[in-house]
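**Student:** The primary structure of each chain is shown beneath.
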Amino acid sequence: MVMETETVHPLLSIRGLETRFGSKTIHSGLDLDVYRGEILVLFGGSGTGKSTLLRAIIGLDAPAAGSILLEDQDITQIDQNAWREVRKKVGYSFQNGALFDSLTVAENLEYPLRELTDMPLDDIRKAREDMLDRIGMPEVGDLYPAELSGGMQKRVGMARALMLNPALILYDEPTAGLDPANIKKIANLMLDRKANGLTGILVTHDVPCALMVADRIAFLYEGKIAVIQDRATIDREPDERIAAYIKGDVE
Amino acid sequence: MKKSHAMQLFLYNVGTPLAQAGEVVADFLYMTRDVLVCVPKALKSPGVIVERFQSLVISSWFLVVITSFATGAAMALQFGQGMSRFGGKLYVPDIIAFAIIRALGPVFACLMVAARSGGGVAAELGSMKITQQIDALRALGTKPEEKLVAPIVIALILGMPFLTFLADVAGITGGLLVSAGSLGIAPSLYIEKTMNAVPFDDLLFSLAKTSIFGGIIGLIACFMGMRTQTGTSGIGIATTTAIVAANIFVLVGDFFITKLQWIMQW
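If you're matching them up, the sequences are chains A and P in order.
For the first sequence, this note's numbering begins at 3 and goes up steadily by one.
For the second sequence, this note's numbering begins at 878 and goes up steadily by one.
Examples of chain A residues lying across from chain P (beta carbon under 10 Å, computed):
| id | residue |
| --- | --- |
| 1 | Asp103 |
| 2 | Gly159 |
| 3 | Asp174 |
SDA-like, lysine to any residue: derived pairs with alpha carbons at most 25 Å apart:
| id | chain 1 | residue 1 | chain 2 | residue 2 |
| --- | --- | --- | --- | --- |
| 4 | P | Lys1024 | A | Asn98 |
| 5 | P | Lys1020 | P | Gly924 |
| 6 | P | Lys1020 | A | Ala84 |
| 7 | A | Lys196 | A | Arg238 |
| 8 | P | Lys1024 | A | Ala148 |
| 9 | A | Lys128 | P | Thr1019 |
| 10 | P | Lys918 | A | Leu115 |
| 11 | A | Lys196 | A | Gly138 |
| 12 | P | Lys1024 | A | Leu123 |
| 13 | P | Lys1020 | A | Ala66 |
| 14 | P | Lys1020 | A | Pro122 |
| 15 | P | Lys1024 | A | Asp81 |
| 16 | A | Lys91 | P | Lys1020 |
| 17 | P | Lys921 | A | Arg116 |
| 18 | A | Lys26 | P | Pro894 |
| 19 | P | Lys918 | A | Gln82 |
| 20 | A | Lys26 | P | Ala898 |
| 21 | P | Lys1024 | P | Tyr907 |
No lab work stands behind these hints, which were simulated from the structure alone.
Note that CB positions come from ideal geometry on N, CA and C, so glycine has one too.
From just these sequences and the hints, can you work out the full model?
**Tutor:** As structure tokens, then:
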């Protein structure tokens, strides 16, 4: 599913992105294209702005300069009402799930459909049950997030991000702190969604998981994408920065 | 050259905190604007407002009543002892009614709510902030100002007059019990003097001003909660700041409203 030819139109195209926290510049002139149906993995040392990039894409942090084109619409230039539509197309799977702790698992999953669609209540319930089956947790609907393990919370958080059938999903360290069994479940869920045509950007430090799901790997360094390689090239002749990261030589 | 450097340093040290404070005030005003815009939508979910009314207002009634009751009783003792020396103990009911209804009832009710409910709200929203639940609300296309802040502010605007009325009744009752038991003032006389001491308009005014205080307590608590910095200590800081800021606002705001009332002869 690698699409690095210039003839393929990207789903997401970032040009000249600049983000700042106060006086500190995080990204400076960052360019990135993400193509339909692929999973792009973002590698980079701690504090290089991987999660900040995801937050800029979903509109949680406004960039200082540059453009982010989602399906040819520059989402840095749109108003709040237009953002509502964009957020139907982009899901965000938070690092620790970010489930609403006052709602049950079922209510968490129903939340995006209730808020952003006019879907009948019965259809919403059906969609929620289908999703719980898909993530292999049909029995937890009535539980509260605090009653779930960390891995289960992350899976439900990912499921909530998938409820609206987005075109693009942003995975923010979905496997951090999980045991191998849960990592495998999450990786399989990502692969399952990819098989259904979902495009994803994965920020992770988990190299085995990244290698399991990635179509391409981008390396973020000094505020820019320093290199992007597809999976086959990485196996054959990896860029030295990506190779160093995989070996654990980059902090 | 040295003088110029010292001046630059002085301006930097004074200007930076002032600029930061200005930024905080501007952020607060932006949030207030966003909440006001969201109020009509929030009113379409009365269930959420009722839930907040229960947790922020109804649950505070005992705290408000006990505080005001004790204050009224203590005032009766203090004024009773002092004024007995001048044969003025019959003025105790008037003084207590005047003080409780015009000043102490509203202020104590607001201070208690700021401490109990305001602190709770700041901690709750602070916890949501550091666990990314507020980001999740935004990422799912909904506004925290509509879903979280507006129901809290509406519940406190509606609930504060109710709590203040309870505080007034409790304070006067505390004064009545002490006056009857220790000062020998007949309860019927106490009640009669209380009814004549404060015009009904004064009661309405004091209830109305607590609505405004309630709304601002809610806004301050939510604002501080949503500004919480990462870490559990951040929640503690947000909670403390919310309580202190709301208390200062209530006390200073009450002074200015009382002054305005005085000038306008309300």
